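K.L.:
Sequence:
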Amino acid sequence: MKLQRTGLTEGSLIFNQWLKTKGLYREDTENEFINWLYSTSGFYDKDIKGTYFDIDVEAVKKSVIYQRFLQEFHDSLLNSDTIHLMIHGAYHLNGQELQGEFAKRFAPVNFCFWKDFGATIKEITEHKRVLVVSSIAQQITDKYWTPENKLLGYSTPTTHLNNGPHKNYFETLDQVTKDVESMKDQFDVALVSFGAYGCPLVDKICSMGKSAATIGSGIYEAFPVGSVPVEKRPTGWEKIEDGRYWK
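Under the working numbering, the first residue of the sequence shown carries the number 97, and numbering increases by one thereafter.
Calculated from the structure, these hints are not laboratory results.
Every clue listed holds true.
Have a look at the derived ranges for each label pair, beta carbon to beta carbon:
hint	residue 1	residue 2	range
1	G332	K246	31 to 41 Å
2	L166	H188	16 to 26 Å
3	R225	L174	24 to 34 Å
4	M279	E154	34 to 44 Å
5	G119	D238	50 to 60 Å
6	E222	E327	26 to 36 Å
7	P253	K118	30 to 40 Å
8	S313	K224	18 to 28 Å
9	N245	K211	18 to 28 Å
10	Q282	K211	24 to 34 Å
Here are the simulated lysine to aspartate or glutamate pairs, DMTMM-like style, with alpha carbons at most 20 Å apart:
hint	residue 1	residue 2
11	K211	D177
12	K263	D152
13	K116	D171
Quick caveat: nothing in here was measured; it's all calculated off a predicted structure.
Glycine residues also receive a C-beta, built at the ideal position from the N, C-alpha and C atoms.
Turn these sequences into a full structure, and let the hints guide you.
P.N.:
Next up, the structure:
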């Protein structure tokens, strides 16, 4: 089973690109969401100047790394069982009435599993070995692991503010994919909460013969852990959507 749920930033960017075929593309919308992508969504490229809503958007649009991302993110949604295509209508996004038409290319039914999130997560994880991929994976396994419920966790690196442990997003995605693949005999289904990496990583996990779902901030609903201790919060955490993911 492959359940995909885009973030507002990624969904808006790929939808806006598709709207070019309808004559409805807006450059100001792309510029806006490029800043969100590099500042708060975890996408990064050290060849691009800027860290926090001062991203060199013209350089980004000429970047092979960014163009590759748009294509691979789009392709990661193909052949989904269900999809929740999120777009941010508040940012001058034209053609919103075509959202359903766009989503249908990715799944037989544009079913928003988010509306019945708890039941969906229970259905896909019941009697399964579960891998949680998240920056708070350690807090989750500390709280919810039991001899009967042997949750496996993979703690993701922090790559906000156009920075990360490698040269760019794709190097980090490749490393995380290799790490998860080395664990594939230990889990049946993966729940992924990893910003801009979520959908591409879920696609790669499904290609390993596993079920996976991109659940984004729903990780906090699936596994409430309370506030993350300050010492475990990344540098600049308070800038990322007012620090809500750690509060």
